[in-house]
Amino acid sequence: MKTYDAIVVGAGHNGLTNAAFLAKAGLNVLCVEKNDYIGGAAVSRNLYKDWIYSNCSYVCSLLRPEIFRALELHRHGLQVTPYGGGVTLMENGDYFGSYWDHDVAHREFARHSKHDADAYDRYSADVMRQCRFIRDFLMRTPPDPTSFKPRDIKELIHLGGKFMEMGEDRMYDTIRFWTMSVAEYLEEYFETDVIKTALSGSGIIGTALGIHSPGTAYVLLHHYMGEVDGNVGSWGFARGGMGSVSKAIAGAFQAYGGELRTDAGVEQIVVKNGKVKGVALTTGEEIDAPVVVSGMDVKRTFLKCMDKNDLPEPFWNRVNNFKIRGSSGKVNIALDGLPTFPALPKGSPLLDGDMHFIDSMERMERAYDDWKEGTWSKDPYIDMLIPTVNDPTMAPPGKHFMSCFVQYCPPKVEGREWTNEERDEFGQTVINQIADYSPDFKDLILHAEVRTPKEIEDEAGLTEGNIFHGELTMDQLLFNRPVPGYAQYRGPVGGLYMCGSSTHPGGGVMAAPGANAAREILLDLKRHNTVPENFGDD
Amino acid sequence: MTERFDAIVIGAGHNGLVCAAMLAKAGRDVLVLEARDQVGGAAATDTFAPGFSVSSGAHLLYGLQPDVLSDLGVKPELASDNLRTIALGSNGSHVRLRGNEVEGVDAADQQQFREFHKNMRRFARLLNRHLNRKPPRLGTKDRGDLMSLAKLGFDVRRLGKTDMREFLRLIGMNIYDELEERFANPLLKGALSLDAVLGTHLGPRSPNTILTYLYRMAANDGRLATPVGGMGAVSEMLANCARDYGVNVRTGQNVKRVVVENGRVAGVETDGGEIYESLTVISNADPKRTIMDLTGTRHVETGFTRRVHNIRMRGNAAKLHLALDHLPTIAGIEKKDFAARFVIAPDVDYVERAFNPAKYREFSPKPVLEITFPSFRDPGLAPSGKHVMSAIVQYAPYELKAGWDDAARAAFETCIMDTLNTCMPDLAGHVEASELLLPADFEKRFGMGGGHWHHGELTLDQFMFVRPVGGAAQYALPLDGLYLCGAGAHPGGNVSGAAGRNAALAILAKEKGA
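If you read the protein sequences in the order shown, they are chains S and C.
So the first sequence is numbered by the numbering used here: it starts at 1 and just counts up by one.
So the second sequence is numbered by the numbering used here: it starts at 1001 and just counts up by one.
The set of hints was computed from the structure by calculation and includes no laboratory data.
A couple of the hints might just be wrong.
[Said to hold, decoys possible] Covered stretches of chain C, going by a simulated chain S footprint (3 or more residues, C-beta under 8 Å):
{"hint": "1", "segment": "1006 to 1016"}
{"hint": "2", "segment": "1136 to 1147"}
{"hint": "3", "segment": "1162 to 1171"}
{"hint": "4", "segment": "1203 to 1211"}
[Stated by the list, open to error] Subject to a maximum C-alpha distance of 25 Å in a straight line, what follows is the list of computed PhoX-like cross-link-like pairs (lysine-lysine):
{"hint": "5", "chain 1": "S", "residue 1": "Lys372", "chain 2": "S", "residue 2": "Lys412"}
{"hint": "6", "chain 1": "S", "residue 1": "Lys277", "chain 2": "S", "residue 2": "Lys378"}
{"hint": "7", "chain 1": "S", "residue 1": "Lys346", "chain 2": "S", "residue 2": "Lys412"}
{"hint": "8", "chain 1": "S", "residue 1": "Lys34", "chain 2": "S", "residue 2": "Lys454"}
{"hint": "9", "chain 1": "S", "residue 1": "Lys323", "chain 2": "C", "residue 2": "Lys1161"}
{"hint": "10", "chain 1": "C", "residue 1": "Lys1141", "chain 2": "C", "residue 2": "Lys1151"}
{"hint": "11", "chain 1": "C", "residue 1": "Lys1151", "chain 2": "S", "residue 2": "Lys162"}
{"hint": "12", "chain 1": "S", "residue 1": "Lys154", "chain 2": "C", "residue 2": "Lys1151"}
{"hint": "13", "chain 1": "S", "residue 1": "Lys149", "chain 2": "S", "residue 2": "Lys49"}
{"hint": "14", "chain 1": "C", "residue 1": "Lys1335", "chain 2": "C", "residue 2": "Lys1386"}
{"hint": "15", "chain 1": "C", "residue 1": "Lys1512", "chain 2": "C", "residue 2": "Lys1134"}
{"hint": "16", "chain 1": "S", "residue 1": "Lys323", "chain 2": "S", "residue 2": "Lys277"}
{"hint": "17", "chain 1": "C", "residue 1": "Lys1161", "chain 2": "S", "residue 2": "Lys149"}
{"hint": "18", "chain 1": "S", "residue 1": "Lys323", "chain 2": "C", "residue 2": "Lys1118"}
{"hint": "19", "chain 1": "C", "residue 1": "Lys1161", "chain 2": "S", "residue 2": "Lys378"}
{"hint": "20", "chain 1": "C", "residue 1": "Lys1161", "chain 2": "S", "residue 2": "Lys154"}
{"hint": "21", "chain 1": "S", "residue 1": "Lys2", "chain 2": "S", "residue 2": "Lys372"}
{"hint": "22", "chain 1": "C", "residue 1": "Lys1256", "chain 2": "S", "residue 2": "Lys372"}
{"hint": "23", "chain 1": "C", "residue 1": "Lys1134", "chain 2": "C", "residue 2": "Lys1335"}
{"hint": "24", "chain 1": "S", "residue 1": "Lys372", "chain 2": "S", "residue 2": "Lys34"}
{"hint": "25", "chain 1": "S", "residue 1": "Lys34", "chain 2": "S", "residue 2": "Lys412"}
{"hint": "26", "chain 1": "C", "residue 1": "Lys1401", "chain 2": "S", "residue 2": "Lys372"}
{"hint": "27", "chain 1": "S", "residue 1": "Lys323", "chain 2": "S", "residue 2": "Lys304"}
{"hint": "28", "chain 1": "S", "residue 1": "Lys378", "chain 2": "S", "residue 2": "Lys412"}
{"hint": "29", "chain 1": "S", "residue 1": "Lys308", "chain 2": "C", "residue 2": "Lys1161"}
{"hint": "30", "chain 1": "S", "residue 1": "Lys162", "chain 2": "S", "residue 2": "Lys323"}
{"hint": "31", "chain 1": "S", "residue 1": "Lys272", "chain 2": "S", "residue 2": "Lys323"}
{"hint": "32", "chain 1": "S", "residue 1": "Lys2", "chain 2": "S", "residue 2": "Lys275"}
{"hint": "33", "chain 1": "C", "residue 1": "Lys1401", "chain 2": "C", "residue 2": "Lys1386"}
{"hint": "34", "chain 1": "C", "residue 1": "Lys1118", "chain 2": "S", "residue 2": "Lys162"}
{"hint": "35", "chain 1": "S", "residue 1": "Lys399", "chain 2": "S", "residue 2": "Lys34"}
{"hint": "36", "chain 1": "C", "residue 1": "Lys1288", "chain 2": "S", "residue 2": "Lys149"}
{"hint": "37", "chain 1": "C", "residue 1": "Lys1134", "chain 2": "S", "residue 2": "Lys154"}
{"hint": "38", "chain 1": "S", "residue 1": "Lys378", "chain 2": "C", "residue 2": "Lys1366"}
{"hint": "39", "chain 1": "S", "residue 1": "Lys304", "chain 2": "S", "residue 2": "Lys275"}
{"hint": "40", "chain 1": "S", "residue 1": "Lys49", "chain 2": "S", "residue 2": "Lys412"}
Backbone N, C-alpha and C define an ideal beta-carbon position, used for all residues, glycine too.
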């Protein structure tokens, strides 16, 4: 029987990244994946004729450039093209567009409010400062504040030092930024409802919180701290869909000699004498390795794939109470042609970016109230994109693919399983909202895939369909992520590691958790480190 | 000839009085100017119907800092102490809480409650040590600030590994998840979540509500009491104490502006045009009013003004006072139980639903209530044989989308009475008179901006180092000689006296250093 130095469970982008860095260090690594395709939630799937769907994640920005370069992802075919702009269509027939060009953007702000146009520069500078601050921590292992180990103390001092470096006033700003709600944060800069609404969306995407919940300003950051080609805050499309990201990382992994097995679901992570022994597949096959790394979220890893008796009780309880809430769904649509939006001027570049159809803070928050009551938002926040405007490879000539990310959508309806009728009704809610602004949209629909958190869990394995593998609230960030005392990628059993988005710095197609976990594993194995350092900021 | 003092305190709220008394005790010649005809600010006893009096603002005493009492050598006379909380359920099945004991729930919940209470008490005590200190400034090389920060770090570490982790996890969290994790009984969860949201613009699901819960427990482990004569008596006690130390307390004197000369404070001017001179002016008013109205923004930097402008202080707590000819009937409640604090918050989702409308500037159609019958143990508050009911009602936003006209007030009062009726079916028949105080009424009567009883929302972004705003958390405002001593400063509201005491100590320390 073949044995390995390490087995990585799950070929999502983090699992693959972790496997690639381990393989690069010369380890004999096997990556197992339950589906017959790789990528987890970063996939391109051919679900209807010649259309390619990015049916989970749909845009790319957070992928760490350090990792991109260290794994030479360009050589494995990854191309990310930035897209500009974005637009919020309003009930009164007007719209609010955002543009990359500073002067154009300023004019558009000023069209709605002169005050807000001026405030925007201040806002951008302030948010960018927070981005710079946090970007430094993305590729680092969080220190344990309760520990007296030199490494933890050194890291704590580093963290404190970066904070102090900001200067007194900025330190106060930072405290506030990390604890405020996105609504209140925006309230401090802007007066126009539609502008605040357009900017607030990033504060709640993927979370089970509303724009008025404290802590959501930080989530905003989670959508601003990425970059495309060194442009911090910009977003792009992966050519060929999000599966291209996973494919490129898998390419790197295999180029370093790693072995990839699909259709190999893990039944259990086997523990013997307090150490991992390997994994047992659903087929009954057992594969041994002294190191097992889980790319799955912590609930799935510890509650479903491990024996409770192998784990310390307090740890098991904490994981059991880990907050990983399904709050979003997706509707993916194949289109016969490009829908028109009469509110926008002909040929407007705004169609290239993301489109939103909710124009007031109250509507945003009410969408959350529906979720709290256990139902999908009747007037949801939709982040809609048509990637084929930029990337013709994803649909036949003249045809289009539309991705709608929908907030909020519960994992269960009023506490019970979704029925097919309810799922269709949810899909129809989304389609109707878009159709209100595009009269020809409904006639162009060839096929629609409606995904509630349940479908996302069943296919990609994300518990409750939570795109971040766990809420990004303060009690689950940094040294608290995934649970206090276990934030350094090591599980509670010898040889067991976590590398998924449940760990610091959290979700998004970032690959930082996978890389950080690899660094810790290589450290424990006394191998040379293949994981790159933070580039540092400009 | 103008009078001259070592220090002038604007407003005789309980914090203003504590601050003045502390300064006078240290030998300063202090003047307190109060706009109303009585002292105490929102810690007041007012007559709301002939023969019926009530604590019109805060009606329970739980936050009064032992340090304040011992420094000033005073002690309030209590009508009742260590009150029980009764979470009212339907059909006479209630949950009763006191200290770490809970009745009316199963053994598992009782066990969990003891553990929960122990944790919270430990963290609340840690918090309390830092409520009674001036928060350090960040990013300075000042020895005092660094020591203070080090002490904070040390205190947290001293909890030990397990508790420290728990503390760091909980401090930014919402109470909803913690309650759901531990308890099964809906009444218990409802009552505990109510404590976390009273006086705030937060619902149980809002992160930050563990902090507000801890804040409520900080001074005396959450032990509840009522003073004889209502809250106004506590203020009288503090005013008398201040006078004994030589403070000059003058009521009916509204300060119009802070006099600024040569870039520093020179005194104050009252409505009557009277000018009182002092190089130290301490404002017990809320920070917005202090800067925007009393001082004038032209004397401070724009950046500072903007921060002050952004302080969130829109209140949500209303009060309902009822004059009753008889105590109401409550199923399962005996007469002796009426000393207790009753809450109507039947489950945690009910509380969250009550909060929802507040986000849209609408009032709760089904509000949450904290109810006391102060006259039960303190008969002087009502004519013989009759009673007073005092209830804090949430949520009643400061500004209503449709405006708080008479119809809206009446509609809200009906909602409150309907909610009360579910537990006290004969209450309406016993009502002789009623008074509803909305946040705007508090603002008008006591001058607290937004009618917010903390003079500013008590959330992490307005707490400690950044309360009221970053750079001014040490009581000195960025205008030479101007200070804050009210609830808008660290640590925040409640009848606690901590802000007044901390401010006095900071001023004395500064004088010593200068």
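Hint check:
| no. | hint | verdict |
| --- | --- | --- |
| 1 | 1006 to 1016 | violated (count 0) |
| 2 | 1136 to 1147 | holds (count 4) |
| 3 | 1162 to 1171 | holds (count 7) |
| 4 | 1203 to 1211 | holds (count 4) |
| 5 | S:Lys372 / S:Lys412 | holds (11 Å) |
| 6 | S:Lys277 / S:Lys378 | violated (49 Å) |
| 7 | S:Lys346 / S:Lys412 | violated (42 Å) |
| 8 | S:Lys34 / S:Lys454 | holds (17 Å) |
| 9 | S:Lys323 / C:Lys1161 | holds (22 Å) |
| 10 | C:Lys1141 / C:Lys1151 | holds (15 Å) |
| 11 | C:Lys1151 / S:Lys162 | holds (21 Å) |
| 12 | S:Lys154 / C:Lys1151 | holds (20 Å) |
| 13 | S:Lys149 / S:Lys49 | violated (57 Å) |
| 14 | C:Lys1335 / C:Lys1386 | holds (14 Å) |
| 15 | C:Lys1512 / C:Lys1134 | holds (16 Å) |
| 16 | S:Lys323 / S:Lys277 | violated (29 Å) |
| 17 | C:Lys1161 / S:Lys149 | holds (13 Å) |
| 18 | S:Lys323 / C:Lys1118 | holds (24 Å) |
| 19 | C:Lys1161 / S:Lys378 | violated (45 Å) |
| 20 | C:Lys1161 / S:Lys154 | holds (18 Å) |
| 21 | S:Lys2 / S:Lys372 | violated (50 Å) |
| 22 | C:Lys1256 / S:Lys372 | violated (47 Å) |
| 23 | C:Lys1134 / C:Lys1335 | violated (45 Å) |
| 24 | S:Lys372 / S:Lys34 | violated (32 Å) |
| 25 | S:Lys34 / S:Lys412 | holds (24 Å) |
| 26 | C:Lys1401 / S:Lys372 | holds (23 Å) |
| 27 | S:Lys323 / S:Lys304 | holds (16 Å) |
| 28 | S:Lys378 / S:Lys412 | holds (15 Å) |
| 29 | S:Lys308 / C:Lys1161 | holds (24 Å) |
| 30 | S:Lys162 / S:Lys323 | violated (29 Å) |
| 31 | S:Lys272 / S:Lys323 | violated (29 Å) |
| 32 | S:Lys2 / S:Lys275 | holds (19 Å) |
| 33 | C:Lys1401 / C:Lys1386 | violated (38 Å) |
| 34 | C:Lys1118 / S:Lys162 | violated (36 Å) |
| 35 | S:Lys399 / S:Lys34 | violated (32 Å) |
| 36 | C:Lys1288 / S:Lys149 | violated (46 Å) |
| 37 | C:Lys1134 / S:Lys154 | violated (29 Å) |
| 38 | S:Lys378 / C:Lys1366 | holds (23 Å) |
| 39 | S:Lys304 / S:Lys275 | holds (18 Å) |
| 40 | S:Lys49 / S:Lys412 | violated (31 Å) |
In this structure, the hints that do not hold are numbers 1, 6, 7, 13, 16, 19, 21, 22, 23, 24, 30, 31, 33, 34, 35, 36, 37, 40, in rising order.
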